[in-house]
Amino acid sequence: MHGLLPELATGAAAGDDRAWALAHVSRCQDCRRDLNQLTTAADAVLLLAPSVEPPPRFESTVLARLDAASTPPPRRRLLARRRVVAALAFAVCMLVAAGGGALYVQSRTAEDRRLAEQYRQTLAVANGRYLKATTLTTADARPAGTVFLYQGNPSWLLVTVTTAPADGAYSVLAVDRAGAAHAIGTCQVINRTGTFGYRLRMAVAEVSEIRLQSTDALLRATR
Amino acid sequence: MAAGDPQATASFVRRFQARVFGLAVSIVGATATAEDVAQEAFVRAWRYAGGYDPRRGAVLPWLLSITRNAAIDAIRLRRDRPYEPEVMLALLTAADNAIAEPSDEVADADRIRVALRGLPLEQATAVVLAIFHGLTAKEIAERQGVPLGTVKTRIRLGMSRLRDHFEVRDE
Ligand SMILES: [Zn+2]
Chain R
1 MHGLLPELAT GAAAGDDRAW ALAHVSRCQD CRRDLNQLTT AADAVLLLAP
51 SVEPPPRFES TVLARLDAAS TPPPRRRLLA RRRVVAALAF AVCMLVAAGG
101 GALYVQSRTA EDRRLAEQYR QTLAVANGRY LKATTLTTAD ARPAGTVFLY
151 QGNPSWLLVT VTTAPADGAY SVLAVDRAGA AHAIGTCQVI NRTGTFGYRL
201 RMAVAEVSEI RLQSTDALLR ATR
Chain D
1 MAAGDPQATA SFVRRFQARV FGLAVSIVGA TATAEDVAQE AFVRAWRYAG
51 GYDPRRGAVL PWLLSITRNA AIDAIRLRRD RPYEPEVMLA LLTAADNAIA
101 EPSDEVADAD RIRVALRGLP LEQATAVVLA IFHGLTAKEI AERQGVPLGT
151 VKTRIRLGMS RLRDHFEVRD E
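Those protein sequence lines, which keep their order, are chains R and D. Those letters in the first sequence? Residues 1 to 223, per the working numbering, in order. Those letters in the second sequence? Residues 1 to 171, per the working numbering, in order.
Don't read these hints as lab results, they were simulated from the structure. Note that the Cβ used here is the ideal one computed from N, Cα and C, for glycine as well. Take these hints with a grain of salt, some might be off.
To be verified - Chain R side only, calculated, beta carbon under 7 angstroms to chain D, not exhaustive:
#1 G11
#2 A14
#3 D16
#4 A41
#5 A44
#6 V45
#7 L46
#8 S51
#9 E59
#10 S60
Whenever a hint applies, use it, and build me the whole structure from the sequences.
Right under this line is the structure:
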C-alpha cells in the first residue's frame with residue numbers, strides 16, 4: 001500500500017490502483033498522514049513555476065467571469081456548503097470503497113475539518129475536475145438542496161437535501177437528453193434533510209435532469 | 001478567498017495572477033491557452049472555495065494545484081504539447097524565480113528547489129511528468145520506453161526524498 005501513496009500524491013496513480021488506494025486511505029489514519037505529507041510536498045513543487053505577469057486585461061476578464069458565474073454565496077450558505085463538501089468527501093471515499101451501488105451517507109459535523117481536507121486531496125488526486133454542482137429546486141422554484149455529479153471511474157452523484165417541502169421516500173431519477181427517465185434509487189428524507197450517494201451508470205454529459213419524486217413533492221435539478 | 005466581496009476578490013486576483021499565469025505558461029506554453037487556463041483556474045477556485053480551509057494557511061499551493069488541473073485539462077483537450085521535462089526541470093530549479101514577497105511559501109519553494117536539484121535526473125523527470133504534465137505512471141513508462149515498475153520506483157524514491165527535505169510544518 002505504502003508504495004502507492006507517492007503515486008496518489010503526484011496524480012500518477014491510475015484506475016484501479018487509484019480507487020483501491022483511496023479506499024484504503026479513507027480508512028487508514030497512518031496512510032492518510034503520509035499522503036498528507038506527500039501531497040504537501042507535491043503541491044510545493046508547483047511553487048517553483050516562475051511568476052509571469054499576464055496581459056493587462058487579465059484581471060478585468062477574470063472578474064467579469066466570476067461575476068457572470070453566479071452570485072457569490074453569502075456567509076451562512078458558505079458554512080452550509082462546507083458541510084456539504086464534507087459529506088461529499090466522505091461519499092467519494094465510501095463509493096470508491098464500496099465499488100459502487102447505492103449507499104446512505106450521514107454528514108457528521110464533528111469530522112468536517114478532516115473531511116474538508118480529504119476533499120481537497122480528492123479533488124487534486126482523484127481528477128475532481130469533472131465535478132458539477134446544480135441546485136435542487138421545489139415545484140415553486142425554491143432551493144431545496146444540491147446535486148453533485150461526478151464524471152469519473154466510477155461516476156457518481158450525490159444528492160443533499162437541505163429544505164425539502166415534505167419528508168418521506170423519494171425516488172431518484174436521472175433524465176437523459178432524449179427525455180427518458182432512469183431509476184437510480186430511493187432516498188428517505190427526514191426532518192426535510194438528508195444526504196445520499198449513488199453510482200451513476202451513465203455519462204454526466206448525458207444527464208439533462210435529476211428528479212426526486214415522492215407522493216407529496218417533486219424536486220428537480222437541471223444541468 | 002472572500003467570495004462575497006468584489007473588492008476582496010479583485011485584490012485576491014491581483015495578488016495571485018502572476019503565479020497562476022506563470023504556472024499555466026510553464027505547463028501549456030502557448031500564451032493564449034495559458035490565459036484561458038489561468039482564468040479558468042480562478043473561476044474554479046472561486047467555485048471550490050468551500051473546499052479550502054483557511055486555517056491550513058497555504059492558499060497559494062491550493063490555488064496552484066487547481067491551476068495545474070486546469071492546465072492538464074487543456075493539454076488533454078487540445079493536444080497541446082507541454083514543455084519537455086528537461087526544459088521544465090531547468091525552469092523549475094533555476095535560482096532566481098523566487099517569489100517577491102517574503103513568506104512561508106518562499107521558504108517552502110527554496111527547500112523544495114534544493115531537494116529537486118538533489119534528485120537523480122530520472123527520479124526528478126518522473127516526478128515532474130506526473131505533477132506538471134498530469135501523466136500516469138503507465139503513460140510515463142510508455143513515453144520513456146522503460147518498464148512500469150521502474151517508473152513506480154522512481155516516483156516513490158523521488159517523492160520520499162522530496163518529502164524528507166520538506167518538513168511538514170503543521171502536522
Ligand atoms: Zn494504511
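Consistency of the hints with the structure:
1. G11: holds, 6 angstroms
2. A14: Cβ of A14 of chain R sits 4 angstroms from chain D, so the hint holds.
3. D16: With a closest approach of 11 angstroms, the D16 of chain R hint is violated.
4. A41: holds, 4 angstroms
5. A44: holds, 4 angstroms
6. V45: holds, 5 angstroms
7. L46: holds, 4 angstroms
8. S51: With a minimum Cβ separation of about 4 angstroms from chain D (threshold 7 angstroms), the hint on S51 of chain R holds.
9. E59: holds, 5 angstroms
10. S60: violated, 9 angstroms
Checked against the numbered hints listed earlier, the structure breaks hints 3 and 10; every other hint is satisfied.
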